[in-house]
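Visitor: Listed below, chain by chain, are the residues.
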Amino acid sequence: MISKQKITSFDALIIGGGIAGGEAALNIANTGYKVLLIEKDLSIGGKMILLSKVFPTLDCAACITTPKVSEISRHPNITLFTSCEVSKINKIDENNFEATIIKKPRYVVIEDCTACQLCEQACPVSVPDEYQFNLVGRKAAFIPFSIASPKAAAIDIENCILCGACEKVCPTNCIDFTQDTEEYQVHINTVILATGFKLFDPLLMPRYGYGLYKNVITSMQMERELAPTRPFNTILRPSDGKVPDKIAYVLCTGSRDASIGNPICSQICCMYSIKQSQLLMGALPMADVTIYYINIRSFGKGFEEFYQQAKGMGVNFVKGKIGKISEKENGNLILRYEDINENRVKEAEHDMVVLSVGVLPNQDATKLFKTDELKLDPYKFIHQVDSLLSPAKTSIDGVFVAGTASGPMDIPDSILFAGSASSEAISYLIQHK
Amino acid sequence: MKKKIGVYICHCGGNISDYVDVEKVRQAIENEEGVSLAKTTIFACSDSNQKDMVADINTNQLDGVVVASCSPKLHLITFRNVCERANLNKYNYVHANIREQVSWAHSDDKLGATEKAIHIVKAAIAKVRYAESLEPNKIVAQKAVAIIGGGVAGMKAAIALSDKDCPVYLIEREFFIGGRVAQWDTMFTTNETGKEVVTKLYNNLILRPNVTIFTGAEVIKNVGSIGDFKLKVKIAPRYIKDKCKEGNLQKAIDACPVVLPDEFNFNITTRKAIYHNFPSEYPQSPVIDIKNCTRCGKCEQICENIDFSQKEEILDINVGSVLMATGFDPYTPKDGEFGYNEVDNVVTLPQFKRMIELSDKKLLFKEKEVKNIAYIYCVGSRQAEGENTYCSRYCCTSAIHSSLLVKKKFANIYNYHFTRGIRTYGKQEVLYAESSQQGDIYMQSYEDALPIVSRINDKTIVKINDILTGGKEITVEADLIVLVTGMVPRADNSVGALFKLPKGRDNFFNEIHMKLRPVETFIDGVTISGACQGPKNIMESANSALSAATKSYSYISKGILETEPIVAVVDKNACSWCNSCSEACPFDAISKIEIGEKTIASINNAVCKGCGMCLPVCPTDAIDLIAYSSKEIESMIDSLI
Amino acid sequence: MAEKNMKSAKILVFSTEKISDPAIDMAGLLKLHYPPTVYTITVPCSSGIKSRWIMHAYEKGFDGVFIAADGSDCIFGESCTEKTGHIVSRTHELMKQNKIEPARLKMAAICSVCSESFVKQIKSFNEYLLKNSNS
Amino acid sequence: MEIEKGKTAKYLKEKREVAQEVKDKQKEFLKIKKAILDALKEDALTIDQLTQKLNMAKHEVVFYLMSLVKYGFVQTGDVDDMDEYFSYKLKNNG
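Heads up: the protein sequence lines correspond to chains A, B, C and D, in order. 1 is the number of the first residue of the first sequence in the numbering used here; add one for each residue after it. 1001 is the number of the first residue of the second sequence in the numbering used here; add one for each residue after it. 2001 is the number of the first residue of the third sequence in the numbering used here; add one for each residue after it. 3001 is the number of the first residue of the fourth sequence in the numbering used here; add one for each residue after it.
Read the hints as simulated data drawn from the structure, not as lab findings. Among the clues, some could well be false.
Said to hold, decoys possible - Heads up, simulated DMTMM-like pairs for lysine to aspartate or glutamate below, C-alpha to C-alpha not over 25 Å straight-line:
#	chain 1	residue 1	chain 2	residue 2
1	A	Lys319	A	Asp201
2	C	Lys2007	B	Glu1135
3	C	Lys2031	B	Glu1135
4	B	Lys1073	A	Glu305
5	B	Lys1002	B	Asp1109
Every value quoted in this text rests on a predicted model; they were computed, and no experiment measured them.
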């Protein structure tokens, strides 16, 4: 059953509550315009809020995202919808768009939830925690993560056994299983697409053994192991809970590889791997960290210095292409690789391997537009019609793109891009008033 | 004196708590005089903690708040806002820096770090005890922005601001608009030429009544600050009358006997003392290079539009914000650096780009046809010995793009790339793939053994030990060597000094925080964009220019700006007017007034910038700065010992 | 505390909000270590420091005072360097009158990225103070 | 039908069936939870020791044990002499 609701109009619709969408929302709202920010997940903050520390300054990601998400959630000009998806956008005329928004039930009244976690304790279900990239479990009644915004519980209805234990203990009666999907029609004058990116799924490269060998993990999983809200008490390998002491990074996993359909460079993997290597050296002073790379792309402000700093700390950089990874009985991994320096094939043993997975397009936004075509570039990112001078412009007038929805980029570039998209959107609103 | 102070000590998710025993700090300060609440928190800046703080302030009627966390440059404003939301005047908030100046600085000494954190929090408590509620000064913001630099970044920012109905002054030092991009031929990714891009922007700009463009113009003085910058702009004459017709001017140019290296073409060609940059340049009027003009009068005889009586003008402009877009200089190699200026056929990448554009049919260098081209990468970047340790970001892509272009335009070209690892990040990677597929040869040098350029028997040879072939020594005979030079800050960046803009370790202008405040500077009201902040390609420059425009606009869009109410105050009883303070004040904020029998100093709050220069010169110690009074500073000192 | 003093001297640093304090922050960011008995009080401009504050610090037991001055980068104008210099010489006079070794007050211009220079200056000041204490 | 707050699960139960797979997984979790907690009653154990005692795959023991740490049933004990493996014990003696 879907209830239909008509709600008031907004000046700008921003799709995606990650760092780019959030930044754009704040910029536009601060100029006095009404913004509707739509996030499909339970919390805003995107991928960044789940990171440990960020290069090249090693600020904790939370220190940068939490004040922003907090500002977003209380901004008088921003209406925030989480657990929502835009199902279609019709362009009626020049600066008039109509969007249909589907709000999935959270089964919790956000305003009433105090995040006391009693429901979490009471819930008898345990399933893999997607916010910890499946390294530990979570309950079916759960708060996504400790710095989530809104910080409120949610019910994972797919895994819920409807025992009712959560609502019995809830002190504010905020759990409500009668909630249903809702649909909204919204009128807006401009749209910003900040739908972000998808991480490469290393299951598509069976030769690295991800999924099969438990000690082959993705960089996002390592990111969680290093974060303050980490799944384990320290860095552990998932196969047997051992503290690793010989960790390898495989760069360009799913990037610069036409054979898996992604010929471009993901722009961030070198740097986040170098950052993780520095954090690992700090967390496990006795550990060896080796980074297998093709080229190190430390191109941004302060990046080259950061790379040199990692070398100085003793991180081992090996110019080499990984052919195959195999597992030993004790869970250690044998990396067969072409050592480019020595021009021969070699093998090395590590007790944990981190796949530095690349950035892929999120194609969610492409299906939205019914009346106009949202063009994509050859790599399926949102096409920039004037990529040199107006990078935020898309093939639809009045629809702008920000952040990684148009291609791989790091956090500073995403934030600048969001500033750029908000400038275009504000100009568009002023010019079409 | 405050009686109900709330203190929050932040773990910063380990950044602090890994080195500072935050619980010990909490215990050490919870019984300090006036402290009624002392908590630790994993992330003080998180939404949930901010909400808790608001609730704490309300339920406990706190009258002062201290958060001990990261540097105040990051989150002072965050926590001031928390206080405001709890209806506590934000000046009752004091920030203690126990991350940058404690946990990180003393990560080698946990006991020492904890001890220091305790003292620093105590000092913050001492300061907050004396804190007073204050109202910010409100000033009228001039609704106009000065953009310094008329390159792509400056022009984009000008359009963005003009679109927002904000008047713009675009101030370009050169006589022609367009900056570095005007000098480029086709560009990745769109294959538009630099000229096309500049033309597009210029044609858009000149239609706008709220944009004023100055060329040959330099800011020579700046007085004032955010909301009200008063700039003096010096405009050099072109010595050509407005609205002149081309016809005779070209003859005048032809007649000019002075021949000079043409900087627009990076000195690979020459120009006259009366000159154009290129036929479709903007503004479409030549200029006389008066420094090199011999005043022979030949041009005047031919063309009636020459006017040597034109004088330099000084204009006063008044703006609310200044947006810097002054760009970069290409690195100039030192004599002998990879054969530069010593071996004949060594050019820089910018020179090479001009050569490609200016050559027709055959690529000639000093009359000889060029076939083998060697590119040496990272010249002036990633220097192990030298001041530029950074990567210049754009040059790998730019060099590869040029190498593809030269191959397309001319026959029989062979490209040899002497790299230090190609950095065609993102979608630029496809260029590198295309170049490799076309048979370009890529080699990579060891970090400690860069390629060597030498001249042997009239031949120019590049030698490398190539990583990609297992360290094999490879030599290439090259007709032309292209030094892939990076970006460096403008040699003459004096306009930055005029605004006191801080520079980073790389000597480019520095932002406050790369992620939180990426286009703002420590100088309120001045934003930075484009390559003056660090190497960027055109798309990145456009993004940062638009970001900076958004920020500059936000300062002035409301017409009213709030500034810190931190001003000097005079103790009427102690003051006996001696003029010392007024002499010390750099802003003329102090004058004398008569109160009854007595003459004392009076501070003009609207003009006082709160520097405190008047404080130490007062013989009777009659002046204090709000929030930095002697009682506050001295009680902080008492707590620190 | 006395035992601590054997290891490192107690130094009070006056830094400035926009120029030298960012440099001291960056020293932390770069993990450039210096003695933890170095404490900072931040003021808007180094030319606004009162001699009585410096004297107060010695009175309360600080071994040294270091003024991390704005130098020519000062946002309040070029006169800052000269004025800060005057504060130092006036304070030196006061110190002599109170039989305090003038070398226990030091000033250096610290620009907004002078982190290494700050740490170097502080370390040598600390060594000097340690050598000349207990006398 | 008026639905009482705090007892809304019943309402949804009428409209939506819980998949058998979900029920099975929940039962399995409870079983493993009990087994791990029982095994730790006597003594603190390493993952290796737990694996032998429970006859489970090691990586599964890691996953479930870490979840129980997160849920507050188990806590991390000491690390061995080689700094490689931690032992785990019941929190507050169960």
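Visitor: Is the straight-line distance between the alpha-carbon of Lys2031/C and that of Glu1135/B 25 Å or less?
Guide: Between Lys2031/C and Glu1135/B the Cα gap is close to 38 Å, so the pair fails against 25 Å, i.e. violated.
Visitor: Run the distance test for Lys1002/B versus Asp1109/B: straight-line Cα separation, threshold 25 Å.
Guide: This hinted pair is violated, its Cα atoms lying about 34 Å apart.
Visitor: Between Lys1073/B and Glu305/A, does the CA-CA distance stay at or below 25 Å?
Guide: The given pair, whose Cα atoms are some 23 Å apart, holds under the 25 Å limit.
Visitor: Quick one, are Lys319/A and Asp201/A close enough, alpha carbons at most 25 Å?
Guide: Holds: Lys319/A and Asp201/A sit about 24 Å apart, inside 25 Å.
Visitor: Check whether the Cα positions of Lys2007/C and Glu1135/B lie no farther apart than 25 Å.
Guide: Violated, at about 45 Å.
In the structure shown, a violation is registered for the earlier hints numbered 2, 3 and 5, in ascending order.
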